[in-house]
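**Student:** The chain contents come next:
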Amino acid sequence: MSRKILYVQAIGEAFAEEMARDERVFVMGIDVTRAVFGLTANLVDRFGKERVRNTPICESGIVGAALGAALTGMRPCAEIMFSDFTYVAMDQIATQVGSWRYMTGGQYKAPMVIYTLDGGGMGLGYNHSGCTEAVFQGSPGLTVVAASDAYTAKGLLKAAIRSDDPVLFFGHKALLGQPGEVPDEDYVLPLTKARIVREGGDVTVVAHHLMLHHALGVAAALEKEGVSVEVIDPVCISPLDRETILTSVRKTGRLVTVEEGRRTGGVGAEISAVVSEEAFFDLDAPIKRVGAPPIPVPGSAFLEQTCYLPGPEDIRKAITSIL
Amino acid sequence: MQQGREKLVRLYRLMFLTRRTEETTNQLFQEGKIRTMGHWSTGQEAAGVGVGAALRADDCLFPTHRAWPEFIGKGMSPRSIVAEFIGKGTGCAKGKGGLHISSAEHGVVGLVGSLGSDFPIAVGTALSAKMRGTDQVSCAYFGEGTATQADFHPAMQMAMLWNLPVIFACVNNQYVELVHYREVISFDNLIDLAQGYHMNAIPVPDGNDVVAVFDAMSEAIARARRGEGPSMLEIKTYRVAPHFTGDTGAYMPPEEVAAWKARDPIAGCRARLLAERALSEGDLLTLEKEVEAEVREAIRFAMESPHPSVEEAFSDVYATREVVR
Chain A
1 MSRKILYVQA IGEAFAEEMA RDERVFVMGI DVTRAVFGLT ANLVDRFGKE RVRNTPICES
61 GIVGAALGAA LTGMRPCAEI MFSDFTYVAM DQIATQVGSW RYMTGGQYKA PMVIYTLDGG
121 GMGLGYNHSG CTEAVFQGSP GLTVVAASDA YTAKGLLKAA IRSDDPVLFF GHKALLGQPG
181 EVPDEDYVLP LTKARIVREG GDVTVVAHHL MLHHALGVAA ALEKEGVSVE VIDPVCISPL
241 DRETILTSVR KTGRLVTVEE GRRTGGVGAE ISAVVSEEAF FDLDAPIKRV GAPPIPVPGS
301 AFLEQTCYLP GPEDIRKAIT SIL
Chain B
324 MQQGREKLVR LYRLMFLTRR TEETTNQLFQ EGKIRTMGHW STGQEAAGVG VGAALRADDC
384 LFPTHRAWPE FIGKGMSPRS IVAEFIGKGT GCAKGKGGLH ISSAEHGVVG LVGSLGSDFP
444 IAVGTALSAK MRGTDQVSCA YFGEGTATQA DFHPAMQMAM LWNLPVIFAC VNNQYVELVH
504 YREVISFDNL IDLAQGYHMN AIPVPDGNDV VAVFDAMSEA IARARRGEGP SMLEIKTYRV
564 APHFTGDTGA YMPPEEVAAW KARDPIAGCR ARLLAERALS EGDLLTLEKE VEAEVREAIR
624 FAMESPHPSV EEAFSDVYAT REVVR
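Protein sequence lines, in the order shown, are assigned to chains A and B.
Going by my numbering, 119 is the number at position 119 of the first sequence; the sequence numbering is gapless.
Going by my numbering, 363 is the number at position 40 of the second sequence; the sequence numbering is gapless.
With the rest of the complex left out, here is chain A (with noise of 0.2 Å):
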């Protein structure tokens, strides 16, 4: 059996799931008692101060002490509020984190969640906007995913407790009120699996968060003008699920990958990378990324919906220049 629910509350319900499963998880950040996005909204009632701990303001101390917890027997769920403030923990994040198995020649695991939103679309400028899960493809050891819709966010995020690996988990802000259907039994997803969310077989289109929901879209109304576009959900930004994605390359032998960051050293950067070296000869036209510009997000929410994001228009436009 399965109900609608809202993102936010699949989220919600991962964490009061895994907390009721198992005591030695629990939530650190800023505000999680009262929950500014509602991702940790009530579990205070439930759990308690202890184990739904505010903290001072300030990211690195924030995972540094959740990564403390993780290396002696605890499972930490740290919270980001806005994924632009993973800079802030950047070197707890990008070296201690993902690091911290391996300096130690396995003496040592993490089994920790780092969890944030991205996202624009809101107003909120240069600082409160971003999306930074690109950035940390190069960081080893972790395992960074991108939770597309409630099912993929609560699957998600139950494995990423569960892990003995730590785990970046990006959500995103516009989708928290989106509903989708959900299970009502336990259930868990693989965190390095991409999902294929629609087929077809004349361009693939890789795509997450609300620029997936945008290729979806575009692929509907482009299937009424007699154009197949298989859509696939990346889940895992890092390590990338190479296999599927280059399973459909070699069968459409077109790419166009589409995310809300920026292009420049961005997740269809790594995923062209890799289509280019395993793919080349099975590419019938060059590879299309869609991206936000190099440009610091606009304050201004009318330039940023005409500047920086990309849209649905600009999905298509890359798919039909290369058919």
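Simulated from the structure, these hints should not be mistaken for laboratory data.
Check each hint, because a few of them may be wrong.
As the list claims (entries may be wrong) - In silico DSBU-like pairs for lysine-lysine, Cα to Cα no more than 30 Å straight-line:
hint : chain 1 : residue 1 : chain 2 : residue 2
1    : B       : K453      : A       : K49
2    : A       : K109      : B       : K453
3    : A       : K109      : A       : K49
4    : A       : K317      : A       : K251
5    : A       : K4        : A       : K193
6    : A       : K193      : A       : K49
If you're wondering where the values come from, they're calculated on a predicted model, not measured in any experiment.
Chain A is already provided as a structure; the job is to place chain B on it using the hints.
**Tutor:** Coordinates of chain B only, in the frame set by chain A:
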């Protein structure tokens, strides 16, 4: 009395073992036999040994980069330290930490390269101990130069806010890399930092007195184990050694170095052992001979140990899966 004597002998042995291990390893650099970077603790051994030796093996220690006194104080053997340091497969982290040494068995959780990032990590291990209901204590041991790192602030704050069993032990060796600390820090006494957080402050004005360091640390530990929360120590000493193996230390005034060499913690402790008749000259020579043999054996073991296997480079990246090359 007997207890005091045993403590003094033990601490002397640990300090002497530290110095001889460092000096002998440094010899390998001089001879061009190893490729890494050493930060020696010459002149400040009492601080690290006193701090390390006061902790239990199951307490969590986050050391400095000048860490061999605290490693040896905490019970690690020169064998595993040197083998790891030069990246051999027999090292405590199979050669993958290299100079960033760790030993879970001894509660040496890990040596971070970006000094100061371990402040909140130490708070996290203390939080974990509290949540798991153990009486383990954590210690962030750091130089005065690291106190200006950003993560010091949230760590001190969280430690007090949550009344955690964590000790911030600052070794003030007066040099921040290649400059005197007063060139880059605006005040004399790092212990003043505790005040702003209302943290229990334990100054150790003579950090070359290993017993004073050990006792101060023991006081902080006992307090933390009783659930009375964190403390900060400032252990004042002097780094006779240059910053690292590629540094000549030419910026350190010779008269300053000479004055501190005259206050050498190991020579001081040795004189005290004799003066208090804790050990005779003959006993000391026997002890020192044993240490020399242990160090020789450690260096031989490390140098003769094999490199890690090539496969080792690709393991331990994840706990749950293999790395995709």
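**Student:** All the hints need checking, so say for each whether the structure fits it.
**Tutor:** Taking the hints in turn, this is what the structure says about them:
A threshold of 30 Å between alpha carbons decides the hint, and for K453 (chain B) with K49 (chain A) the separation of about 14 Å falls inside it, so the pair holds. About 19 Å separates the Cα atoms of K109 (chain A) and K453 (chain B), which keeps this hinted pair within 30 Å; it holds. Our distance criterion of 30 Å between C-alpha atoms is met by K109 (chain A) and K49 (chain A), whose separation comes to about 26 Å. With a C-alpha separation of about 21 Å, the suggested pairing of K317 (chain A) with K251 (chain A) holds against the 30 Å cut-off.
With a CA separation close to 24 Å, the supplied pair K4 (chain A) and K193 (chain A) stays within the 30 Å bound. Of the supplied pair hints, the one linking K193 (chain A) and K49 (chain A) is violated, its CA atoms being roughly 35 Å apart against a limit of 30 Å.
Hint violations for this structure: number 6 only, all remaining hints satisfied.
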